[in-house]
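*Asks:* Spelled out from the first residue to the last, the chains are:
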Amino acid sequence: MNNKIKKIIPQLITLLFVILVFAFFSINASINMDTRGIDFGFGFLSQESSFDVQFSLIDYDGSYSYYRAYLVGLLNTLLVSFISIIFCTIIGVVIGVARLSPNYLIRNTAAWYVEFFRNIPLLLQLFFWYYAALRVLPLPEKADALLGVSYLTIKGFYIPSMIWNNLDIFIYSILASIISIIFIRFYAKKIQESKGKQIPLVYISAAILITLPLLSFLFGNVSLSFEMPVLKKLAKTSYIFEGGISLPPELIALVLSLSLYTSTFIAECVRAGIQGVGKGQREAAASVGLTPNQVLKLVIMPQALRIIIPPTTNQYLNLTKNSSLAAAIAYPDLVLVFAGTALMQTGKAIEIVSITMLTYLTISLAIAALMNWYNKKIEIKEK
Amino acid sequence: MNYKNILKADENNYKTFLPIGLVLIFISLTDVFLNSFLKINITSSLPENFSFFSPLILGLIGLQLIRIEYSGIKSIDLLNKNINNNNFNALLTLLIIFCIFKAFPPALSWMILDANISGDTKDACTGTGACWTYIKVWLRRFMYGMYPNELHWRINSAFILVIGLGFAGYFFKDNLKKYLALYYVIIYPLIAFLVIYYLISGGSFGLTWVETGAWGGLSLTFIVSFFCLIFCFPLGMILALGRRSNLPTIRYISVGYIEFWRGVPLITVLFMSSVMFPMFLPQDFFMDKLVRVIIAITLFEGAYCAEVIRGGLQALPRGQYDAAKSLGMGYWKMHIFVILPQALKLVIPGICNTFLALVKDTPLIFVVGLSELAGMLALAKTNPKWLGFAMEGYVFAAIIFWIICYAMSKYSYNLEAKYKTER
Numbered sequence: 216m217n218n219k220i221k222k223i224i225p226q227l228i229t230l231l232f233v234i235l236v237f238a239f240f241s242i243n244a245s246i247n248m249d250t251r252g253i254d255f256g257f258g259f260l261s262q263e264s265s266f267d268v269q270f271s272l273i274d275y276d277g278s279y280s281y282y283r284a285y286l287v288g289l290l291n292t293l294l295v296s297f298i299s300i301i302f303c304t305i306i307g308v309v310i311g312v313a314r315l316s317p318n319y320l321i322r323n324t325a326a327w328y329v330e331f332f333r334n335i336p337l338l339l340q341l342f343f344w345y346y347a348a349l350r351v352l353p354l355p356e357k358a359d360a361l362l363g364v365s366y367l368t369i370k371g372f373y374i375p376s377m378i379w380n381n382l383d384i385f386i387y388s389i390l391a392s393i394i395s396i397i398f399i400r401f402y403a404k405k406i407q408e409s410k411g412k413q414i415p416l417v418y419i420s421a422a423i424l425i426t427l428p429l430l431s432f433l434f435g436n437v438s439l440s441f442e443m444p445v446l447k448k449l450a451k452t453s454y455i456f457e458g459g460i461s462l463p464p465e466l467i468a469l470v471l472s473l474s475l476y477t478s479t480f481i482a483e484c485v486r487a488g489i490q491g492v493g494k495g496q497r498e499a500a501a502s503v504g505l506t507p508n509q510v511l512k513l514v515i516m517p518q519a520l521r522i523i524i525p526p527t528t529n530q531y532l533n534l535t536k537n538s539s540l541a542a543a544i545a546y547p548d549l550v551l552v553f554a555g556t557a558l559m560q561t562g563k564a565i566e567i568v569s570i571t572m573l574t575y576l577t578i579s580l581a582i583a584a585l586m587n588w589y590n591k592k593i594e595i596k597e598k
Numbered sequence: 357m358n359y360k361n362i363l364k365a366d367e368n369n370y371k372t373f374l375p376i377g378l379v380l381i382f383i384s385l386t387d388v389f390l391n392s393f394l395k396i397n398i399t400s401s402l403p404e405n406f407s408f409f410s411p412l413i414l415g416l417i418g419l420q421l422i423r424i425e426y427s428g429i430k431s432i433d434l435l436n437k438n439i440n441n442n443n444f445n446a447l448l449t450l451l452i453i454f455c456i457f458k459a460f461p462p463a464l465s466w467m468i469l470d471a472n473i474s475g476d477t478k479d480a481c482t483g484t485g486a487c488w489t490y491i492k493v494w495l496r497r498f499m500y501g502m503y504p505n506e507l508h509w510r511i512n513s514a515f516i517l518v519i520g521l522g523f524a525g526y527f528f529k530d531n532l533k534k535y536l537a538l539y540y541v542i543i544y545p546l547i548a549f550l551v552i553y554y555l556i557s558g559g560s561f562g563l564t565w566v567e568t569g570a571w572g573g574l575s576l577t578f579i580v581s582f583f584c585l586i587f588c589f590p591l592g593m594i595l596a597l598g599r600r601s602n603l604p605t606i607r608y609i610s611v612g613y614i615e616f617w618r619g620v621p622l623i624t625v626l627f628m629s630s631v632m633f634p635m636f637l638p639q640d641f642f643m644d645k646l647v648r649v650i651i652a653i654t655l656f657e658g659a660y661c662a663e664v665i666r667g668g669l670q671a672l673p674r675g676q677y678d679a680a681k682s683l684g685m686g687y688w689k690m691h692i693f694v695i696l697p698q699a700l701k702l703v704i705p706g707i708c709n710t711f712l713a714l715v716k717d718t719p720l721i722f723v724v725g726l727s728e729l730a731g732m733l734a735l736a737k738t739n740p741k742w743l744g745f746a747m748e749g750y751v752f753a754a755i756i757f758w759i760i761c762y763a764m765s766k767y768s769y770n771l772e773a774k775y776k777t778e779r
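Same order as they appear, the protein sequences are chains A and B.
Following the working numbering, the numbering of the first sequence begins with 216 at its first residue and continues without gaps.
Following the working numbering, the numbering of the second sequence begins with 357 at its first residue and continues without gaps.
Calculated from the structure, these hints are not laboratory results.
Keep in mind the model is a prediction, meaning the values are calculated, not measured.
Don't take each hint at face value.
As the list claims (entries may be wrong) - Computed footprint of chain A on chain B, listed as stretches where at least three residues anywhere in the stretch have a Cβ under 8 Å from a Cβ of chain A:
#, segment
1, 443 to 455
2, 601 to 607
3, 613 to 623
Ideal Cβ positions, reconstructed from N, Cα and C, are used throughout, including at glycine.
Take the sequences, apply the hints, and build the full model.
*Replies:* This is the structure we're talking about:
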């Protein structure tokens, strides 16, 4: 009995404390809002937003609702995170492997790369790229064509856009080839387990992945054409590119700084993962008679990935959260569009800041849950 | 002899191969060197495409020629072992050397040779290089923000005092050693707070009042990160203990708190501090912007701190808990006298890393209108008298932050290595 009370009292006190804090805040908030004549509610989301956003993936202008503005911001955040994650993974893996190179110069260059980009605050790197480095790019009329089709100018990066005819058939053909590859893998595994025969899976998969979409071009009436960016004169000295896809300089600066900064952390994860696999594993695998490629594929990588993936996902999450720095250089992401412009216009501080925070929280928790599930799946099952 | 080995040096022919290889490498390196430093192209007589790639080709052949398993010459063996193991590595080696040769002269001339530092107006900068005059003129602003020039000694002496007090723990006598933790966790933060409040803020003891809006520059970075660290440490400790508690309510509240703050970006937390905090406080209660920011960052970093300390708590062997319990110690006695002293020692490197992340995060307070170094740069950049020096400013700030962060990361790395061997 005595023991039970001893356990309940501290819990009650803590709970009471938390409730009191929340009550204090909400009472204050309601009093403050009463005196300022603000009412609490999420009705503003369906009101007309009447502000414009420079860069958006979906149709948007001032006549759409605040909810639509929220979506524009969210999609922009996800876009910049997605592009940066791809780049930082590529750079990070290369640098991480280079840090283990037997070549003295490569090893140290990679180490200095990591030390350099890791130890400068991300915001400064972002400012450097946006305000200093990208400002020395040429004006549109003076820009030289890169690879003959794209233009890197001070007003953004212009690339040709793809115009598809019957895109859906093409996508179906790719889906079909992926599904058939999965089936063939399944079948090959079965054959290997029962008869011990190996099928050259890589070649078959590559062949399917190339043939099926190619067939869709030949027989499915799929066609692809490019729209080139073309220089257009606006006024006497002002030129602009029209057509194609234009990536604003804010996006470029953001992707550059985020991927360079995060790649250093990913490089460290990759290095730790590869080093974490014992030397004995490599030697044992070699002594069983596996070729170096098989050692890497069947022994080292599965174990290294187990160490690499959890911290790397953590870095992806950090990158997504860091992409909110976009607000500092006026890239229209969730924070700038919603917690910036929309908040200024509506004055609904509590609602908007909580929606923004909850959005990031949802992304984080969803990825964390996915990661926990994955970790459970790949963890070493000891018997 | 099969033809594959014609170009391969072995113990019979290396005496002829070695000189040829070295000469080729020398030619290739001098070509690039002269090309980038003195703008002389010694291979200009060759066709254009070949002239461009000639150093690479010559260098590759040269490296291939000197690659031998064992030559007996120390430097050649070292070279072969470290940068010339196979063709791929040789290619990468050459590319890296060429890149260094190519990138070094422009960087050097921009930063030093063509740069200006004399004078104190924009007109002094005539060269094509960097204009360090800009940094020189604005240095005080970058370091101290809008703090009045004649009062800078107050910031300096406050910092010296705080750092001195931080080291005071080292000189404690043996009979005072047991109060060390008490000193660092409670007394030191209190004294440091008072020192900074009375010395930098002023308002009493005959010192003039300087409002926090005037604080800025690098000193503000230090003030914010220092306060956040000393406040988030106790918070993190409580949360870490809460997360490991076996009382479900306390555990879930701690987990909820930690996961919430770790899931949101700092910038939204800062937005919250500037637009949401005032709504949550009583009506006539005014809280300074800087204080709000410090509270927000503390709440945020507390969650990260808690995870670091939890790592330390988990690393302690179970025996420590059992031993303490078997001596009849209660929960608090056990933690204060047995568990925390050991766990905190384990997490010092981790705390160092948190602090490093904190310092790197402080420039973000720029978004709520506090101008520390990045904010001062943005301000100076738009000054009509000093337009067009963004590059110099950011390079300067990058160098300063890099030195601070690099030193701290090396320090924490050393600590980690030290504690690893002790256990």
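*Asks:* So, for every hint listed, does it hold in this structure?
*Replies:* Right, here's what the structure says about each hint:
Check result for the segment 443 to 455 of chain B against chain A: holds, 5 residues qualifying (beta carbon to beta carbon below 8 Å, three or more required). Under the rule that three or more residues need a Cβ within less than 8 Å of chain A, the assignment of the segment 601 to 607 of chain B holds, with 4 such residues. Remark: the segment 613 to 623 of chain B is confirmed as covered by chain A, as 8 of its residues place a Cβ nearer than 8 Å to a Cβ of that chain, reaching the required three.
Going through the hint list in order, the structure satisfies each hint without exception.
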